[in-house]
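**Student:** Make the full structure from the sequences, and use the hints.
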Amino acid sequence: MYTCKDCKWYRPIDETKGDCFGHVVPADMPADQCPKKAFELRED
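Residue numbers (my numbering): 143 to 186.
Calculated from the structure, these hints are not laboratory results.
Bear in mind the structure is a predicted one, so any value in this text is a computation, not a measurement.
Just to be clear, a hint being listed does not mean it is correct.
Claimed, not checked - Using 16 Å as the maximum straight-line C-alpha spacing, the simulated EDC-like pairs for lysine to aspartate or glutamate come out as follows:
1. LYS179 x ASP156
2. LYS159 x GLU185
3. LYS150 x ASP161
4. LYS147 x ASP186
5. LYS147 x GLU185
6. LYS147 x ASP161
7. LYS150 x ASP174
8. LYS159 x ASP186
**Tutor:** Dropping the structure here:
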């Protein structure tokens with residue numbers, strides 16, 4: 143299952159959390175719990 147850290151909108155703050163459209167979210171939160179429902183897989 144994908145997590146927030148796999149999303150192209152996720153910007154890391156530190157090892158455990160990041161910013162997503164102004165929301166601080168855990169890096170390992172399941173993508174289906176995205177607060178903005180905007181998950182898009184990062185293409186690295």
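**Student:** Each hint: holds or not?
**Tutor:** So, going through the hints one by one against the coordinates:
1. Restraint check: the Cα-Cα separation between LYS179 and ASP156 comes to about 22 Å, which exceeds 16 Å; the hinted pair is violated.
2. A C-alpha spacing of about 20 Å is found between LYS159 and GLU185, which places the hinted pair above 16 Å, so the restraint is violated.
3. The straight-line distance between the Cα atoms of LYS150 and ASP161 is roughly 11 Å, inside the 16 Å bound, and the hint therefore holds.
4. Between LYS147 and ASP186, the direct Cα distance comes to roughly 12 Å. Compliance with the 16 Å bound is thereby established for this hinted pair.
5. The suggested pairing of LYS147 with GLU185 holds, with an alpha-carbon distance near 12 Å, which does not exceed 16 Å.
6. Taking the CA atoms of LYS147 and ASP161, the gap is near 10 Å; set against the 16 Å cutoff, the hint holds.
7. For the proposed pair LYS150 and ASP174, the alpha carbon gap of about 15 Å is at most 16 Å, so the pair holds.
8. At most 16 Å may separate the alpha-carbon atoms for a hinted pair to count; LYS159 and ASP186 exceed this at roughly 19 Å.
Of the numbered hints given earlier, the model fails hints 1, 2 and 8; all others are met.
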